[in-house]
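Trainee: Could you build all of it, start to finish, from the sequences and the hints given here?
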Amino acid sequence: MTSFQPFGRLVVREWRALLEDPWLLSLVSWIPPLIFLLLWAIMSAGIARDLPIGIVDLDKSAMSRSLIRHYDASSALAADSAYIDPSQGAAALRAGKIYALVVIPSDLENMTLLGHPPQVSAFVNTQFLLIGRIVNTALLQAQGTFVTKVEVRKNLATESPVFDLALAGAVPVGTQVTPLFNVSTNYAQFLVAAMLPAAWQIFMVAATVLSLAAEHRRGDTRQWLGTTPVRALFAKLLSLAILFWLHGLFFLWFMYVQQGWPMHGDWTVLLFAQLLTVCASLASASVFFFITMDAARGLSLAAAYAAPGLAFIGVTFPITDMTLPAKIWRSFLPVSHYIEIQFGQVNYGAPLPSAIPQLAALGWFILPLLFSIYRARKLAESPKEDRICA
Amino acid sequence: MCMSWRDTLQHEVRAIFTNPTILLTVFGGVLLYFFLYPLPYIQQVPRDQEVVVVNLDNSQLSRHLERMVDATPQVRLSARASSLAEAERIFVARKMAGILAIPENFYRDLLLGRRPTLSFAGDAGYFLVYGTVLEGMAGAGNTLAAEVKMNRMVMSGQAPALATEQYSAIRLNLVPVFNPTMGYVNYVIPAVFILILHQTLIMGVGILGGGQDGYRQRTAPLQLLVVRTGIFVAIYWLLAMYYFGFGFTFYDVPRLAGLPELHLILLPFLLSATFLGICLGSLLPRRELVTLLVLISSLPLVFASGFIWPISAIPTPIIVVSQLFPVIPAIQAFIAVNQMGAKFSTILPLFYQLWLCTALYGTLAWWLLRSKITPPIATEGAS
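If you're matching them up, the sequences are chains A and B in order. According to the numbering used here, the first sequence holds residues 1 to 390 in order. According to the numbering used here, the second sequence holds residues 1 to 383 in order.
Wrong hints could be hidden among the right ones.
What the hints assert, rightly or not - Here are the simulated lysine-lysine pairs, DSS-like style, with alpha carbons at most 30 Å apart:
hint, chain 1, residue 1, chain 2, residue 2
1, A, K154, B, K343
2, A, K97, A, K60
3, A, K149, B, K149
4, A, K154, A, K97
5, B, K343, A, K97
6, A, K60, A, K154
7, A, K327, B, K95
Hint data in this document are derived by calculation from the structure and do not stem from the laboratory.
Mentor: Spelled out as structure tokens, the structure:
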């Protein structure tokens with residue numbers, strides 16, 4: 001068996017081995033799409049609606065009720081929890097029942113009519129940062145609309161009977177906010193587009209370690225490597241690469257064709273970037289196996305390497321504000337280079353030259369591949385090493 | 001059944017502390033993640049996001065606005081374009097975070113009371129950046145609007161002191177609570193640390209449970225369950241104290257809960273996670289498969305736990321299934337008492353849920369161990 005083996009036979013052998021191993025087969029077939037869909041489903045609402053906020057209305061006037069209606073009218077907020085006093089509301093805020101507590105002072109209407117601006121206080125739970133930000137923005141907008149109405153009414157009654165002038169008096173500078181590349185400010189589009197590649201990388205790394213470890217378990221890694229270790233290694237990596245490239249294609253298809261999210265870029269560039277990312281991920285993963293020669297330990301290392309990927313990807317938190325160690329660790333993760341290409345293509349339709357630095361960075365992952373080849377060769381040559389490491 | 005409690009304890013301790021994979025996963029994992037996970041977020045809030053400005057007005061007032069935008073901590077005006085088209089090109093080429101457009105005749109329209117419109121654009125593909133940039137630009141824009149209104153009031157005869165007070169009919173005082181700086185570390189750490197404890201604990205227990213040794217065949221299932229759970233809970237109690245104590249202090253994360261409350265939640269949390277690990281370790285044929293399952297489940301668990309995306313917006317079936325994982329109620333309970341200062345009585349449902357998980361997985365673990373150990377009919381016992 002350890003004699004010369006043609007490449008084609010090695011590949012066929014890989015596929016046969018895959019079909020015989022139900023766990024590995026699941027990991028390279030239906031589990032990734034299932035998790036992709038699950039992650040999408042979690043975020044599928046896209047836009048947060050009717051987040052509960054609590055109101056302490058100490059004024060109970062027509063104006064305060066109108067203000068509350070304005071908060072409630074905001075699609076993001078639901079102002080249906082009323083509390084008698086602030087301490088009761090604070091308890092609900094602490095318990096996480098409401099995301100914000102708005103306290104309307106007792107003299108709101110009087111003071112407003114008298115021209116002494118009263119102050120409404122809103123305590124927003126920012127422990128849940130994303131939700132806190134949504135609530136913050138919604139409160140500001142609702143308040144802005146309400147105040148503008150009050151001031152326009154006052155201006156119409158006093159100084160400027162023309163509506164436009166009354167409005168300009170209330171809001172001298174208008175603002176127009178344009179969310180570029182994600183027009184509906186859909187959170188699913190923003191987060192899922194980063195979550196799926198991060199999950200993809202986890203699958204690739206885990207599957208590579210397990211697939212290499214399977215040879216170890218079945219018997220002898222040395223026997224698998226035979227006299228043509230490089231060929232055997234490539235046959236394995238090629239089979240995995242094809243499968244994971246398909247998975248990459250699947251999530252791109254799902255997001256930008258099936259879901260119809262806007263995609264401005266070039267599919268060829270994206271698919272080429274994905275292919276490089278797959279190769280880079282498989283290369284790094286094979287290092288984890290070759291330095292541990294053990295499924296569980298290799299997988300533990302792979303977990304440490306790939307699991308925090310999403311944090312380093314730079315979508316949830318900007319790369320420009322990362323410290324140097326974070327940037328260095330980030331550069332070791334193929335998917336963080338890939339995501340820049342994906343966002344560049346999908347959002348901006350950036351020309352190919354702008355993707356070259358990232359593509360080149362992915363090219364550097366030839367180094368872990370060379371290391372794996374070197375280890376595989378050593379292993380094939382030395383008959384005992386395999387057993388010692390085990 | 002010839003193993004005494006002491007023998008079992010000795011065997012289990014030896015099995016755990018001589019297993020490099022468990023040591024690597026438990027101690028290595030907990031320590032590594034302690035530094036790795038918060039690493040990207042150390043700076044807490046994004047600052048000085050680069051924005052390109054298109055000033056078609058070029059008046060003294062519009063330049064004043066530019067300076068005000070530039071002075072905000074969130075935004076830095078780092079490029080200038082002469083037209084919107086050019087601004088868009090610069091934006092894409094240099095990967096800027098936003099565009100500020102000041103329209104032609106901005107100053108004149110403002111003086112004439114015509115209400116000119118400022119345009120802000122941000123890259124909503126990156127949400128945190130988008131929010132930050134808009135916050136900065138809108139803040140400066142509002143300040144300018146307030147200044148204009150105050151000027152007008154003063155010009156129409158108001159006392160300046162009154163004008164500064166009355167530029168808005170009703171003021172809104174937004175107070176961020178529990179995470180007043182809106183920092184990212186304070187947001188991520190409290191939840192992710194719980195997840196790390198949960199995941200590495202299950203992996204560690206699972207790896208041990210997978211390996212079949214002769215001596216375990218001679219141990220009473222209940223005895224093995226109690227001893228093994230005791231050891232892992234003890235190890236993780238120390239690691240949890242390290243996270244909650246040193247860890248939170250190190251990263252300046254507030255701790256509002258009293259120690260008794262933390263211990264009270266830790267007990268069912270660590271018990272249920274250990275039992276779940278024993279179940280997985282007994283159910284799965286190979287020890288690395290526990291690691292695999294834990295690894296795959298991490299991302300969905302983080303996003304289903306409700307600290308990133310509101311539970312009310314997540315499909316109900318996913319929420320229902322997620323309740324089976326001890327980490328979900330644990331994250332919610334720990335954040336409520338430790339970050340938000342909730343009274344223990346308000347998290348009682350979560351506390352009971354953790355005990356329910358403990359009972360469920362405890363029984364299952366015991367049953368699984370028994371069915372694995374009781375029939376030592378030469379098939380597995382020999383190895």
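Trainee: If a hint holds in the structure, say so; if it does not, say that too.
Mentor: Do the hints match the structure? See the list:
1. With a CA separation close to 45 Å, the supplied pair K154(A) and K343(B) exceeds the 30 Å bound.
2. A hinted pair counts as satisfied when its Cα atoms are at most 30 Å apart, and K97(A) with K60(A) qualifies at roughly 23 Å.
3. A C-alpha spacing of about 16 Å is found between K149(A) and K149(B), which places the hinted pair at or below 30 Å, so the restraint holds.
4. A C-alpha spacing of about 37 Å is found between K154(A) and K97(A), which places the hinted pair above 30 Å, so the restraint is violated.
5. For a cut-off of 30 Å, the pair hint linking K343(B) to K97(A) stands: about 13 Å separates their Cα positions.
6. The suggested pairing of K60(A) with K154(A) holds, with an alpha-carbon distance near 21 Å, which does not exceed 30 Å.
7. Between K327(A) and K95(B), the direct Cα distance comes to roughly 17 Å. Compliance with the 30 Å bound is thereby established for this hinted pair.
Figure legend: structure checked against the earlier numbered hints; hints not met, in rising order: 1 and 4.
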